[in-house]
Structure formats: structure tokens, C-alpha cells
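K.L.:
As a plain string of letters, each chain reads:
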Amino acid sequence: MLAAFINPFTDAIPSPDGIASMLWVIIALPLAGAFLCGVLGKFMGRANTNFIACATVGGSFLLSLLATWAVGYPSGQFVSPASNLPVKYALWLDLGRWFAAGDFSTHYGFLVDRLTAALLLVITGVGFLIHLYSTEYMEHDEGYWRYFAYLNLFVAMMLTLVMADNLVLLFVGWEGVGLCSYLLIGFWYQDTEKAWAGRKAFIFNRVGDFAFIIGMILMILLLGATEDMGRAGPARGNFQDIGRARAWLTSVHDQGPLNVEVLREWAIRMPPDQGERSRGLMTLASEITTPGPLHGKHVGNVLTAVLLLMLLGAAGKSAQIPLYVWLPDAMAGPTPVSALIHAATMVTAGVYLFCRLSFLLVLSPTAMVWVAGIGAATAIWAALIAFAQNDIKKVLAYSTVSQLGFMFMGAGMGVWWAAALHLVTHAFFKACLFLGAGSVMHGNAEETDILRLGGLRKQMPWTWATFLIATLAITGIVPLSGFFSKDAILHGAHTAEIAGYPHVGHWIYWLGLFGALCTAFYMTRLYVLTFEGKRAADAKVPHAHESGFRMVFVLVVLALFSIFGLIWGLPDLVPGPEGPKVAPLEGYFYPALQLAEGMGKRFHLVTHEVASPIPGFIIAWVIAVIGGAAAAYTYLRWLPSRAGKPLPAAIAVPWRWARHKFYVDEVYDVLFIRSFTALSNGFYKVIDEGLIDTVGVGGTAALFRRVGSWLRYTQTGNAQSYATVMAVGLLVSIGVVLTWVLR
Amino acid sequence: MHQVPLQSYLTLAATLFSLGVLGVLIKRNALVVFMSVELMLNASNLTFLAFARDAGTDAGHLPALFVIAVAAAEAAIGLAVIIAVFRSRGTVNVDEIRTMRL
Chain L
1 MLAAFINPFT DAIPSPDGIA SMLWVIIALP LAGAFLCGVL GKFMGRANTN
51 FIACATVGGS FLLSLLATWA VGYPSGQFVS PASNLPVKYA LWLDLGRWFA
101 AGDFSTHYGF LVDRLTAALL LVITGVGFLI HLYSTEYMEH DEGYWRYFAY
151 LNLFVAMMLT LVMADNLVLL FVGWEGVGLC SYLLIGFWYQ DTEKAWAGRK
201 AFIFNRVGDF AFIIGMILMI LLLGATEDMG RAGPARGNFQ DIGRARAWLT
251 SVHDQGPLNV EVLREWAIRM PPDQGERSRG LMTLASEITT PGPLHGKHVG
301 NVLTAVLLLM LLGAAGKSAQ IPLYVWLPDA MAGPTPVSAL IHAATMVTAG
351 VYLFCRLSFL LVLSPTAMVW VAGIGAATAI WAALIAFAQN DIKKVLAYST
401 VSQLGFMFMG AGMGVWWAAA LHLVTHAFFK ACLFLGAGSV MHGNAEETDI
451 LRLGGLRKQM PWTWATFLIA TLAITGIVPL SGFFSKDAIL HGAHTAEIAG
501 YPHVGHWIYW LGLFGALCTA FYMTRLYVLT FEGKRAADAK VPHAHESGFR
551 MVFVLVVLAL FSIFGLIWGL PDLVPGPEGP KVAPLEGYFY PALQLAEGMG
601 KRFHLVTHEV ASPIPGFIIA WVIAVIGGAA AAYTYLRWLP SRAGKPLPAA
651 IAVPWRWARH KFYVDEVYDV LFIRSFTALS NGFYKVIDEG LIDTVGVGGT
701 AALFRRVGSW LRYTQTGNAQ SYATVMAVGL LVSIGVVLTW VLR
Chain S
744 MHQVPLQSYL TLAATLFSLG VLGVLIKRNA LVVFMSVELM LNASNLTFLA
794 FARDAGTDAG HLPALFVIAV AAAEAAIGLA VIIAVFRSRG TVNVDEIRTM
844 RL
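Protein sequence lines, in the order shown, are assigned to chains L and S.
According to our numbering, the first sequence is numbered sequentially starting from 1.
According to our numbering, the second sequence is numbered sequentially starting from 744.
One chain only, chain S, in its complex shape (with noise of 0.2 Å):
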């Protein structure tokens, strides 16, 4: 069975993770820019994973399983403080949200 060889992996995580990257980045919507980091995780993920497999052993499986609980509560968090900023301000725009600036 031919096999995937690991750059190609790395280069797809890679690719995706730049693109989790630009879209935190430029995204104006809250949610999108949520989805993006949603994005940059699975992309270490699969970074991860790939090098597991290469090395052949299970050790980078634990990272991974753990980055997915860590992402889990995240999204739970980070939902529910858009739904709050939401209902506060009326707006998911994050270029409206400048409460950090004094």
C-alpha cells in the first residue's frame, strides 16, 4: 500500500494552519475568527499526529486527544462570551469591540 509520505501532512497542516492564521487575522465576524483558531488547533493536530505515525509510536496521540479537550471547552467559553458580547453590544464585529484601548 503506498504511503503518504510525511511532508505532504505537514505541508497541508502547515497550509491550513496559515489560514487559521490570516483568518484570525482579517476576519471581522467574531465567529469566524473563532472557527479560524478552531482551525489553527486541528491543524497542530494533524502536525502532531503526522509525526506520530512517522516515528511509530503513540506518544504524539496524547497532545492531540488533549488539544481536542482543550478545543472543546474553548468553543463552549468562547461561544457563550460571543452570545454575552452579542447580546451586550449588538455586534459580533471585532473591529467594534475596542474596550482593551483606554
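The shape of chain L in the complex, shown without the other chains (with noise of 0.2 Å):
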């Protein structure tokens, strides 16, 4: 274990092994720099405080691009305590036993394969780049050491997310990023609604997480109650080689039964039930048989269970419905945070987890049609929602939404490489456009209105170029990543066959077009009203100002990388493991999630026909060309010809519901806060005020104050009268004792 802290100073040349041993640097460097931007930074001045937070989020980056260096080859790999095989193309560090409770244990152990690889680089690169943009962004603000300890922390535990090998370690980032997240949304506390906006998040944030903890749980009963199988005989058993079983049930009880790799080979030996071949196995079908809370029911059932469970704590974090109504009151917190935080990085930890337990989630085609099914619903609430916003913050938190339901509908449909890939280059340019939206309310005096916006095109250039290109490639506009990104997850989508659910890949498909329609429309009139047309007449100032080069810097940078993620989705392009070409992220995440691709055909859990992605390219790129002339001629034609007169009444109507959201926040507030406030209010009357206060603690007072009223009497203060007290209670006693007990 020591040497696991010794290894990367020593060793000049960076092998495999040298990374992997350094991998629990990425983490600590941002952790390091948190406590000293949080305990020193007040005295170390703005300068040094910056040079700290951007150091060590640099320096991730590049151990970052040294472990991605690493799992790029077959020399990049270890042994899978789990099954003692080679797993190639990942790292792994085992800093030994966490802690241990009964039959469960779980470990310190960081996996690195190449999901987590593309993860480490988005985190560590787009966090550079903002925390750069920051040291600009906030040079006005007192509280900058607390701001950029924060950031710093929430880098160290999105790294922790993504990096851990087990779930009870992710659940640590899983934490820890909520937590960042609530201080950053609250972090100009002084403003009431902003402090609340971050109460409102850490809640909705804890709601999902109470599902994910009681997920984890039954996974590790599921894990418990299944374990017999192996132990069962070699000419029987679910594992056909005696040593893999041992080396499974070993690992269950030392690695912990939460460890991803335990969970994979889990997955592996807990096949569907296939008749007469899987005769004798433990299959998703089978009846648990062990005593325990689980007996009686089914696996594939249970297992079911645990990922509608995990769904739910991914709707939390990853802003899904019914948990998505805190992340637009997220914009409270400062604009770099929506763009890392709220943007980039921890809303994409639901995709990530799906695609991390992609094994598990593709042997229930049930949790993967409802995955996708919230995916689609939030993907077209949300963007309905964004057509009448006008805070610009707020139609890019609901862009957010909109996308991150894209990734879920991927990771629904089976294309995890999608999923993946859309939350990298969504990174990408949805950070360009918070940064941008962030640079527009630096030049404007905080202003956020688009209605009082408009016109900055040529008052701020750098900023509307970039914004530009990041609009367009949302919207999906060939040839940018978005487009490649977002129509991979809707071709996925329109070839998928999930068992038992037919046709519900096209109408995921369907349902995906119209929200990239949407996606176009508000997109569009958003970037129409902020940056084209004439300066409104009630802006803040007259003139808006360019900011300074380290913003503009950032955003040419991540808007040069909206344009060259491209080349990641380009379909077609390099031969794939199985013959016909795929595109580049889908060959390079092949080894990460190769498993539950193979068990999705094998089993014919999911299945994707092969087809020309061509035709649906045509579609979407008309559909995004369609929508985004719509709003085009509404906003510069249209609206400003009815200058002065009513909206038709057909649209005038769902305009005011789509303005409002559609009353879930308040739909929430009566369903939950008020009947939650009556129903304490009812206990408070009832219980507090009637039972404890008056019969507990009232009474108790009151039979003491009475029964003292009565004894008072007796204390006469005369010596005689005490006496003759005494003298009868002595002869009552003799009385006594010579009549019953001297009998």
C-alpha cells in the first residue's frame, strides 16, 4: 500500500503500473488545493489563491491524460479480483480495506477504464478552462478563496465519482458533488431566494440519494441472497470453472459485494433464462430460495427493482422528471458554476452511473424502457418549457435538461457509447454557452433578461462567435458534434429491440425528433433575441463590453472543441471490433462496455438492426434547420411586426403555461410542502400541542402543583403537631407489627 503513495515519484518512465499507482493523485491534488484556497487562500491573496485552484485542477488534467495514455493500450491492465482475469485497457488501484461491517466490506480502489478516462479529461480540461474563466469571472468578489475552494472540492469529488471502483465510493463523490453543488448555488448567501435555490436543490438532490442508498442496499441483499450459486458443484453451477467461483466468493466478501468488477461478473453469471439450456442455473427467472427478506421473490425482479431505484437517485442528480425542478433555480449560483456543475460535469453523473452499470441495466429491459421513457418525457418537457423562458440562465438550465434526457434515452435504448459521447460534447458546448451567457451578463451589468438584451453581435464579437457555434451545434447543425452526438442516440434509439417491449424504440425515436425540434426553436430565439436585431430600449447600459482575454480565451477554446468533437461521431469511420465500421468514441469505448453490448445481443435483451444512419441524418439535420428557421422568422419577422397587438389567442394560452413551467413548482408546493407543512402542523396541534405539552409536561406539572397544594397544609411549622404525627405513625407501626408480622 505504501508504495502505491511512493510509485509515481520514483519511477522516471510512466509505465501502466507506475499510473495506476498514481491514480489517487488526480483526486487528492484538487482536494489538496480546496483546503488550501478554503484555510489560507484569505491570506494569500487573489493571486496566489487563483494560481492554487487553477494549478492543481491543471495538474489533474495532465496525470489525467497520462491514465487515458495509459488505457489506451492492452499493456493498460490489470487482474480482475473478481473473476482472475486480465482486463485490458483499464487501470486499477487498491489502497486497501475502507471498512468492514458484518459479512460486507468495501475498499478504497480507484478503476480507470476508458469511460472513466473520457470522464477524467472532461472534468479536469473543462474544469481548467472554467476555473481559468473563473479567476476572471470573480475578480470582483470578496468571497474568491471560498469560491474557488469550493470548486476545487467538487472537482476532487466528481473525480471520486468517476474514478471509484465501488458504488459505496462513488456514493462519496455522488455526496460530495451535491454538497459543492448546494454551497456554490448558495454561495451569495446574503440573497434569501439564492440561499433557498440551494436548500431547494441539496433537497431534491437528497430525495433521489435516499433512492440510490436503499438501491445499493437491495443490490447488496440481491448479491447475498444469490451467492449459492458459486458454490454449487462445477458440473452444475452458473460459473463453469471451480477457481472463477472461488475467486468470485472471495472477492464478494473481501472486495465488498458493491465492487464494480464483483458486479460484473455477477452480471455475467446470471444469464436470462433460456429453457432447457440454462436447465440447472440460476437465471433472472429463478426464485430466491435463500431465508431473508428476499425469499420468494425473483431475481430478475429484484434486480429490476434496484435500477428503478438507481433511476430515481440519477432523476435527482441528473435533473430527470420528477427531479428536475432544481436545476433551473440553480442558476442562482455563480455563471461558472452552471457551466461545470450544472452543466457539465455532475448533472451527467446519472448518464455515467447507467453507463457504469450498463451490465446490470441490460438485463432488465423493463428499468432500460423506463430509463428511456423519463429520458424522452424530460427531453420534450423541458425544451416545452424553454420556448417561453427568458432568462437566459434559465433557457440554457432547461436546454441542460432537455439534453441530459437525450443521454438518458441513450443509455435507455442500449447505445451507452452515445449516451457517453453526447455528455462529452455536450460538455462542450453546453459550458461555451454558460460561459458565453456568462460573459453576455459581465458585459451587461448582470443583466439576464433577452428581452433587455439584444444587438451584442457586434458590441461583443468573441463572445458572439462562440456563441454562435455552440448554439449551432446544439441545435444540430451538420457538421458540428452536436449533431453526430445527438442523432447516434436517436439512430441507437430507431434501431433498438428491446425484449418484450416492440416498437418502443421508434416511438423513443419520434419522441427524440420532436425534442431536437424544440431544441432548435428555443435555442434559436435565444441566441436571435441576445445577440441579433437592434439593442433594447431598456437595457441596463447603453454598451455592452467585451470581457477580458482569459474569458474570451476559454470560450474559443471550448467552442474550437464544439466543432472538433466531431470527429469522435463521425459513424463509419474506423473498423469496429466486429467487423463494420463504427465511429471513433464507439470503437474506443468498445472495451469499457463491450459486456453489455455481447449480453444484449447474446440474449437478445437489446438489439440493434444494422441500418445506414444516412436517412436519419437527413431527418434531423431538416428537423433542426426547420425549427431553427421558425424561431428565426418568429423573433425577427413575425413578433416584431405584431409589435403593440396581442398573441393569437392559440398560442397566447400554452405560452403563459410554458412561461409559468407548467405550475410544477407549484403543483410540488401543494402536494408536498403544503400537505407535508398540514399534516406537521396537525402532529404539532395533536400531538405536540394537546398530548406532550398539556398531558406529559402540563399534566406532570399540574399533579405535582395540586398534590403540593394539598401536602402544604400538613407543614404547620408546629413542633406538637409533627410529634403527634410521629407518635401515631409509631403506633400505627407497632399496631402493625404485633398484629401481622409477630403473629
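Just so you know, the hints here were simulated from the structure itself, not pulled from any lab data.
Heads up, a few of these hints could be off.
As the list claims (entries may be wrong) - If the Cβ cut is set under 10 Å, some of the chain L residues that face chain S in the computed set are: (1) Gly72; (2) Pro74; (3) Ser75; (4) Gln77; (5) Gly717; (6) Asn718; (7) Ala719; (8) Gln720; (9) Ser721.
All values derive from a computational prediction rather than experimental measurement.
All residues carry an ideal CB built from backbone N, CA and C; glycine is no exception.
With the hints as a guide, bring both chains together as one complex.
P.N.:
Set out below in C-alpha cells:
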């Protein structure tokens, strides 16, 4: 274990093993940065704090590059503790046991495969750019040290989340990013509304996190109940190989049941029911015979319950229906925070979770359909709300919710690589959009109302150019990255066939297309109202000023990535491992996701029909252009010509509904907050005031007061009356003794 | 020589004791109360000695002598207390001394 801490500093040439042993440094650097900024930041001064905050994340980025380099080659491999077989294209660092309780045990271990590597680069890369941007954005804020401490802590926690080799450690990061999100949304806590937004985000996350915890516990129970499959004899066991069965059983108790490798091995050994071929095996259809809380349940049903609970957890973190309402309010935080946490990284944790656990998800078609359905519903719902929002950050927030819905669609339709690709490209163009919005606010005296902006094209040329590129990317205009990533998801959904749910893929596809149309419309609206046309008459400042070098530099870098990200999504570019050519990122992620894809094919759980993506491309492109053109026409020609006239009723009514976010906040307010408050009030009145105060506390006091007031008459102060009582008492005692005891 | 039976001694002692109790409970004058206490003490002494004589041992004499010594000490302190009370309050009527009441 000590070697893990020493090797990275003594090995001169980075070898995959050496890189594996330094994985902990990737997290430790921003953590140390958070400590330094938080504790000493005030004394170090602004420049030193800025330097430390950026340098630690930059250092993490360089190390992440090394790790990514290592997992690019088959020599980057480790021996899986669960099967004793080598896992290629991945690094693993086990820092020893974290804690054990009864049969349960968990390690402090980090796993970096190609999926993690991509996220590492996004988190530290985009994270570094946003730190750099923040140094200028926060240059007038007194709380800069607090800000950078939180931001560094966030990066450390997000890295923990993606690098954890077990769900318990993942949950540490999961909670940690939630905490940082809360701290940064409420960063300007003197403003009550912003402080409340932070609380709202935290509470909605807690609802999801609680479901996640229950899901984890259920998974532990499920593994415990099905552990016997590792004990059956080699002739009829789920493990054909007694050695692998032993290795798995040992690691269940050593590494713990929630270790990703252990879960992966479990998923491999737990086939769906295949009739005659699976006779004598424990399958997803078998009933659990081990005594315990799961006795009599079917393995597959319990697994579905686990995944649905995790879906609720992911819905909390990734702002999906029904827990999405916190994200738009989270825009109360500083804009770079919105870009990093609430667009690029933290909110993608749910998507990452389903990609990481793809081998479990694939075993439950029901859960997959739910994931995709929730994603599609959220994608459209949020897009409809985004139509009518006038706050530049709110529109972007709803667009984030909507795009996350697309990623969930991808994860649910079995195209995890496309979900991850969209995650990466979305991180670039959405960060660019948010930072562009931040630049707009910076140059316009913190104005966020797009109706009071307008005509910024000439005044902020760099912000305009980058914002336009990012808008085109998210809209899905050829050939920007968003087009390919979104279309990879839609194509995957179109061709997907999920066992037991025929035609669901088509429905998801059409819903996704509609979502894409909405995206094109509201993003073009946002762009047109902010940058085109004339400057609004009631703008706060007559002339906007362009932001400084650091902010513009970051915008340009992100815009470039939004363009060149297309390379990863180009279909049929590189030869795939199974013959036909695939998109570069699909091939790249293959080692990490092959198990789930393979199981989906082998058991016919999720199959993808091989079809040319070209017709889908054309449809998607036409749809994006139609949506964009409609918005441009509406806001440049039609609405200005109707100035002063009311909107037609057919538009005005749904408009008002969308403007008020379909009153979801109000419904939640009545359903949960008011009813809960009313219930609490009832309990307060009946139990607290009625029972405890009156009968309990008040009753006891009254009883003693009453008894005391009676007894007070006996205290006369007259020695003779006391003596009389004593004499009588003595007499009675003697009488009792004589009559009863000495009889 | 005719022996006085034990019962007579005990009856006398009980009578004296009861008179003493009555005196303590009824009399208003602290001095008389005090004398009644002495009466009770001597009644108990009489009981001790009566039993000692009946049993033919000296064991009962010891507590009797002890009680006499205690009674002497008690009389000395008690009288001093009564005098002190009389000096401060001008009365020895126990009904009028109620400082035990809050």
C-alpha cells in the first residue's frame, strides 16, 4: 500500500503500473487545492489563490492525460479480483480496505477504464478552463477564496465519483458533488432567494440519493441471496470454472458486493432464462430460496427494482422528471458554476452511472424502457418550458435538462457509447453557452433578461462567434459535434429492439426528433434575441463591453472543441472490433461497454438492427433547420411586426403555461410542501400541543402542583403537631408489627 | 420476700411513657414539654432495669446508665436553648414558635 504513494514519484518513465499507482494523486491534487484555498486563501491573496486553484486542476488534467494514454493500450491492464482474469484497457488501484461491517466490506479503490478516462478529461479539462474563466469572472468578489475552495472540492468529488471502483465510494463522490452544488448555488447566501435555491437543490438531490441508498442496499441483499450460485458444484453451477467461482466468492467478501468488478462478474454469471439451456442454473427468472427478506422473489424482479431505485437517484442528480425542478433554480449560483456543475459534469453523473452499470441495466429490459422513457419525457417537457423563458440562464438550464433527457434515452436504448459521446460533446458546447451567457452578463451589468439585451453581435464579437458556434452545435447543424452525438442516440433508438417491448424504440425515436425540433427552436430564439436585432430600449447599459482575455480564451477553446468533437461521432470511420466500421468513440468505448452490448445481443435483450444512418441524418438535419428557421422567422420578422398587438389566443394560452413552467413548482408546493406542512401542523397541534404539552409536560407539572398544594396544609411549623404525627405513626407501626408480623 | 412481678413494672413504665407522650403533645409550655421528655426517658430506663432484674443479668443496666448520661446532656443543652428562645422571643409557648414553617 505504501508503494502506491511512493511509486509515482520514483518511477522515471511512466509505465501503466506506475500510472495506476498514481491515480490517487488525480483526486488528491484538487482536494489539497480546496484545503489551501479554503483555509489559507484569505491570507494568500487573490493571485495566489487563483494560481493554486487553477494549478491543482491543471495538474489533475495532465495526470488524467497520462491515465488516458495508459488505457489506450492493451498493456494498460489489471487482474480482476472477481475473476482472476486480466481486464485490458483499464487501470486499477486498490488502497486497501476502507471499512467492513459484518459480511459487508468495501475497499478504497480506483478504477479507470476508457469510459472513466473520457470523463476524467472532461472534468479536469473543462474544469481547468472554467477555473481559468472564474479568475476573471470573480475578480471583484470578496469571497473568491471560498469560491475556489468549493470549486476545487467539487472537482475532487466529481473525480471520486467517476474513478470509484465500487458503488460505496462512488456514493461518496455522489454526495460530495451534491454538497458542493449546494454550497455554490447558495454562494451569495446573503440573498435569501439564492440561499433557498441552494436548499431546494440539496433537498431534491437528497430525495434521489435516498433512493440510491435503498437501491444499493437492495443490491447487497440480492448478491447475498444469490451468492450460492458460486458454491454449486462445477457440473451444474453458473460458474463453469470452479476457480472463477472461488475467486468471485472471495472477492464478494473481500472487495465487497458493490465492487464494480464483482457486479460485472455477477452479471456475466446470471443469465436470463433460456429454457432448456439454462436448466439447473440460477437465472434471472429463478426464485430466491435463501431465507431472508428477498425469499420468494424473482432475481430479475429484484434487479429491476434496484435499477428503478437507481433511476430515481440518477433523476435527482441529473435533473430528470420528476426531480428536475431544482436545476433551473440552481442558476442562482455564479455562472461558471452553472457551466461546470450544472451543465458539464455533475448533472451527467446519472448518465455515467448507467454507463458504468450498463451490464446490470441490460439484464432488465423494463428498467431500460423506464430510463429511456423518463429521458424522452424530460427531453420534451424541459424543451417546452424553455420555449417561453426569458432569463438567458434559465433557458440554458432547461436546455441542459432536455439534453440530459437525450442522454438517458441513449442509455436506456442500449447505445451507451452514444450517451457518453453526447455527454462529452454536451459538456463542451453547453459549457461554452453558459460561459458565453456569463460573458454577456459580465458585459451588460448582470442583465439576464433576453428581452432587455439584443444586438450584441457587434459589441461582443468573440462572445457572439463562440455562442453562435455552440448554438449551432446544440441545435444539431451539420457538421458540428452536437449533430453527430444527438443523431447517434436517435439512430440507436430507431434501430433498437428491446425484449418484451416491441416498437418502444420507434416511439422514443419520434419523441427524440420532436425534442430536437424544440431544441432548435428555443436555442435559435435565445441566440436571436440576445445577439441579433436592435439593442433593447430598456437595456441597463447603452453599450456592452467585450470580456477580457482569459474569458474569451476559454470561450474560444470550448467553441473549437464543440466543432472538432465531431470527429469522435463521425459514423463508419474506424473499423469496429466486430467487422463493420463504427464511430471513433464507439470503438474507443468498446472495451468498457462490450460486456453489456454483447449480453444484449447474445440474450436478445437489446438488439440493434444494422442500418445506414444516412436517412436519419437527413431527417435530423432537416428538422434542426426547420426549428431554427421557424424561430428566426418568428423573432426577427413576425413578432416585431406584431409589436403592440396581443398574441393569437391559440399561442398565448400555452405560452403562458410554458412561461410558468407548467405550474410544476406550484403542484409540488401543494402536493408535498403544503400538505407536509399541514400534516406537520396537525401533528404539532394534536401531539405536541395536545398530548405532550398538555398531558405530558403540563400534566406532570399540574399533578405535582395540585398534590403539593394539598400537602402544604400539613406543614404547620408546629413541632407538636409533627410529633403527634410521629407518635400516631409509631403507634400504627407497632400495631402492624404486633398484629401481622409477630402473630 | 414478696417479689413485685415484671408486669407491674412494665405497666408503670408504659403509663409513665404515655403520660410523657401526652405531655409532649399537649402542653404549651416548653419547660413542661421538656419535663415530659424526661418522663419518657425515665420510663424507658425503668423498662430496661425491669427486664434486667427479671433476667438476673446486669446487661440492662448499661443502656440505663447511658440514657441517664444522655438525658443529663440533653437537659443542659435543652435548657440553654429554651433560655435562648425566651430571650429572643419573650415566650416559651411552643404554639408561638413556628419558624419551621416557611
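K.L.:
Are there hints from earlier that the structure breaks, and if so, what are their numbers?
P.N.:
Going through the list in order, the structure violates hints 1, 2, 3, 4 and respects the others.
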